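Trainee: Got chain A; can you put chains B and C on it based on the hints?
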Amino acid sequence: MNTPATTTQPRVPVPGGREPLLAVTDLVKHYPITKGLLRRTVASVRAVDGVSFTVGRGETVGLVGESGCGKSTVAKMVTRLVQPTSGSVRFAGTELTGLRARELREFRRRFHIVFQDPYSSLDPRLRIVESVGEPLVAHRIATGAAKRRRVCELMELVGLSPAHIDRYPHQFSGGQAQRIGIARALATGPDLVVCDEAVSSLDVSIQAQVLNLLKKLQRELGLSYLFIAHDLNVVRYLSDRVFVMYLGRIVEVGPAAGIMQRPAHPYTDALIGSVATPTSSGGFRRSRVVARGEVPSPSRPPPGCRFHPRCPEAFDLCRVQQPPAYRLTGDRLSACHLRAGEAEGVRDG
Amino acid sequence: MRNAAPLLAVHDLHVDFDTPAGPVAAVSGVSFEIEPNETVALVGESGSGKSVTALAMMRLLGRGATLRGQITCDGRDITGLTEKQMRSVRGRAMTMIFQDPMSSLDPLYSVGNQLVETVRLHNRMSRARAVERATELLDQVGIADPRGRLRAYPHQLSGGQRQRVMIALALACSPRLLIADEPTTALDVTIEAQILELIRGLQREYRMSLLLVTHDMAVVAEMADRVVVMYAGQVVESGAAEQILRQPQHPYTTALFQCIPTPVTDRSAALTAIPGAVPSPHELPPGCRFHPRCAVAFDRCVTGQVPLFPLDGGARHSRCWLSGDAASGRADRTVVTSASVPGPARRRR
Amino acid sequence: MVEYALRRALYGVLVIFMVTVFVFLALRAVPGDAVRIQLADAPGVTEEQIAERTAALGLDQPVLTQLFHFLGGAITGDFGASFSDGSSVGGLIADRLPVTGQLGLMALAIGVVLGVVIGMASAVRPNGLLDQSLRLVSVSGLSVPSFWLGLLLVTYLAVYAGWSPPLIYQGPAENLGGNLAQMTLPALALGAAAMASIARMLRSSLLEVLQSDHLRTVRARGAGRGTTLFKHATRNSLLPVFTVLGLQAGGILGGTVILESIFGIPGMGSLTFEAVQMRDYPVVLGCVIVYGAVFVVVNIVVDLMYGVIDPRVRYR
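Residue numbers (UniProt numbering), protein chains in the order written: chain A, 1 to 349; chain B, 1 to 349; chain C, 1 to 316.
Treat the hints as calculated values from the structure; they're not laboratory data.
Among the hints, a few may not be true.
Here are the computed distance ranges between Cβ atoms for each label pair [stated by the list, open to error]:
#, chain 1, residue 1, chain 2, residue 2, range
1, A, GLU153, B, GLU283, 26 to 32 Å
2, A, ILE141, C, VAL63, 54 to 60 Å
3, A, PRO302, C, GLY307, 31 to 37 Å
4, A, ILE141, B, ASP266, 53 to 59 Å
5, A, ARG125, C, ASN127, 24 to 30 Å
6, A, ARG125, C, VAL63, 45 to 51 Å
7, A, GLU220, B, GLY304, 41 to 47 Å
8, B, ASP266, A, THR329, 44 to 50 Å
9, B, GLY75, C, VAL117, 33 to 39 Å
10, B, ARG63, C, GLY250, 57 to 63 Å
11, B, ASN113, C, MET1, 18 to 24 Å
Given the structure is predicted, the values throughout are model-derived calculations rather than measurements.
Positions of the beta carbon are idealized from the N, C-alpha and C atoms, including for glycine.
In isolation and in its complexed conformation, chain A is listed as follows:
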């Protein structure tokens, strides 16, 4: 039905050659669309269609894209909240996809996810000590007084007063509630924290606080982050490497430092054109590259390059052939026929 993603998606070498903390290969999630009296599957929504990446120890990998590009589905598959259709998720050298619930339990304490809306991910009827301490109880790490002690530590770690652990979520502001969400994610001492739009609903002044907190925690605890957001500026600031997703696939990979200065995919151009950019005279401008049209439905992705119907630079090849991940100079990959040619990159099998 679709060409095997193996040959076309970026494969990223592990920095330093060590086994990465997280290695995702050819991850696919298709949701069936059923029809008729017997509910036959007539088509599928290709939410994620062959995505590969790695996250090294202590590294922050940014996943950026618009709604419907599949970035949140990737987050849920990595944390095993959603079962992948196919593909591999290796965490610290162990394949997670085949594991049974009991075997997975051991790993669940080693990765955690922080969601966008801090209030809806905290039970409004539970005191903070219960919400934050819940993973401690679930993993039989601490109960009673030990749990309270650990929750107090966590509260201090995220910059909140330990005196407030007996309060309820509604007694905190949005920024504070998100800090509580982070505290809970850290309760079991994880290696990897997946942030799914974790700062997107916060006001900019609070967003800056939480971004600083995430950086500080990474320094102090040696955390790895999979940081998922739609704001390229925020992703660039926090990440070491950035993966740009469009319609279920990765279109560009590069180090955070270079990707905004020299984007190697027209879709990245469009994303950059939409974010605040300071001008030489001070203040902000946006460069306003307007991508045409809208994101097509993931149940009917266009043939060839999935971005071609909206791409100002598309030519004949883009309409028929799905671009492979062209390797450019440095650690960069681009799934664009044109840009790869311009950069005289070598094609990566």
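Mentor: Chains B and C alone, transformed into the frame defined by chain A:
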């Protein structure tokens, strides 16, 4: 442009809400003007009172809200008008579009039905003629196959198309002022750019003024002629967009700009964050409402109310003892130097 | 949509089948013997006569055999014959169903009309005097069982107005006045609960819709009260009301059993009531199947109405 009579003038607007804990002030003494064809951006974070101000201008505040002050539209104060009289103001003089285009359209009626209803509300015309006009409007807002789309229901449209329909509905009233409350916040960034371009084009064509309520500096930079910055229910700074973006006068505006990560932000350094959170309207601080979070606050900021100082001969205003003309032009400027003044104000520099 | 209706109908048949089996077995489990109850008053009945009668009715067979025999007949539309007088169950029900149908529809109409009026009146000025007093009416409507309300109405009218409804049933065709005189009170008693829950549901859902973004947007375009309230608000608040309606239909159906007996109305309700007392199994089963079918159909219709009101509802 500044010499023309303002289309709309808000003078000393106060909005109080009844709450179980007594009345709270959401907006305290806001004043600004909008000239014909001008775009004014009302900027602030959540809790600044910007949306309440916009709703007050439309007299669309719900039950339990008390409104004081003047809102002059075409020389007529509309604060005292009855609901019935307001009907002639809403739509024709000004209309409003909101953040979430899905919840802002009636889900039970087709796009055509809602458009025809609005067209006929403001123009005496036959049904057939109104359908023609509705088709024209859809075409103008860039919806492909406008005649066919008349039969579509809101849930059958994408987010961007829904916002286009919202704009078409606003245009159907031929308003002289369009109030757009976070019109692109719910949209993807590439769609945001398209919608902003559409609004700007239509604004010119229909000779509308635009009040853009937003928290997004990139949107402000792209759209606004003048900017009104709000914090905790007050205007803290206002002036020409270019000047404010280049050289903000109020410490809040300055700090707000520094919070936003940009493509050139130093990734190794911490972001400049504003400590604390926007005060709840239940417990507004005395003196300058920003002083508990302000890096340059001194003892005077803690006690007295700060007036809105005119700067640059009245072209700009800033509610800060330290801002330009206000500081230099005053006899008591010696107080303003920081280190010599101990006081209850917190220092964070 | 047709496909959806078919699937729902299929489920409905399954539900009715299961109800039938359950009721069949439950009736057999109830103490008391159909034949003995029937012949109890007759003097000098011998055990042989009882056994003979039992065999004639097929009650000497094992329960499962009886069940299969009944189901086999039911599939072809033959629900058997009444134990008491041997008349066909189908015929009995055909006589009685229109009477109950009229009563049920009257109750539903009263419930819907009063419920909608009270609900809208309450929502226009929430917590006003009208709202407060109407809330009292709704709460009473919900808390008072229909049979008691029926008795209360009869007694009150008899004592204070000296009027009581006729006790001899007349069809609407022969004497409409007399018919309505007899039916109105039980319909009112039956509809009270529906009225109350519709009123409360409509009030809260209207209040929610009146606060919604899209209604605010309609007002922002300068629409008048009529357009906002009647075109946009009411239709948007109807969905939960329909859900309540489906549930209340069940309550009304159940209520007919006692109210028809109280008011001497020869409908399905009193037929069921008598049949249960007489252990007239075929009649009880026939009635239960019809009640079940009506309830299933009402709820399918309610579900299909969602689709008519709300284009977002897709039948899958």
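Trainee: Indicate, hint by hint, whether the structure satisfies it.
Mentor: Cross-check of the supplied hints:
{"no.": "1", "hint": "GLU153/A x GLU283/B: 26 to 32 Å", "verdict": "29 Å, holds"}
{"no.": "2", "hint": "ILE141/A x VAL63/C: 54 to 60 Å", "verdict": "58 Å, holds"}
{"no.": "3", "hint": "PRO302/A x GLY307/C: 31 to 37 Å", "verdict": "32 Å, holds"}
{"no.": "4", "hint": "ILE141/A x ASP266/B: 53 to 59 Å", "verdict": "38 Å, violated"}
{"no.": "5", "hint": "ARG125/A x ASN127/C: 24 to 30 Å", "verdict": "27 Å, holds"}
{"no.": "6", "hint": "ARG125/A x VAL63/C: 45 to 51 Å", "verdict": "50 Å, holds"}
{"no.": "7", "hint": "GLU220/A x GLY304/B: 41 to 47 Å", "verdict": "42 Å, holds"}
{"no.": "8", "hint": "ASP266/B x THR329/A: 44 to 50 Å", "verdict": "24 Å, violated"}
{"no.": "9", "hint": "GLY75/B x VAL117/C: 33 to 39 Å", "verdict": "44 Å, violated"}
{"no.": "10", "hint": "ARG63/B x GLY250/C: 57 to 63 Å", "verdict": "37 Å, violated"}
{"no.": "11", "hint": "ASN113/B x MET1/C: 18 to 24 Å", "verdict": "21 Å, holds"}
The structure is inconsistent with the numbered hints 4, 8, 9 and 10, although it conforms to all the rest.
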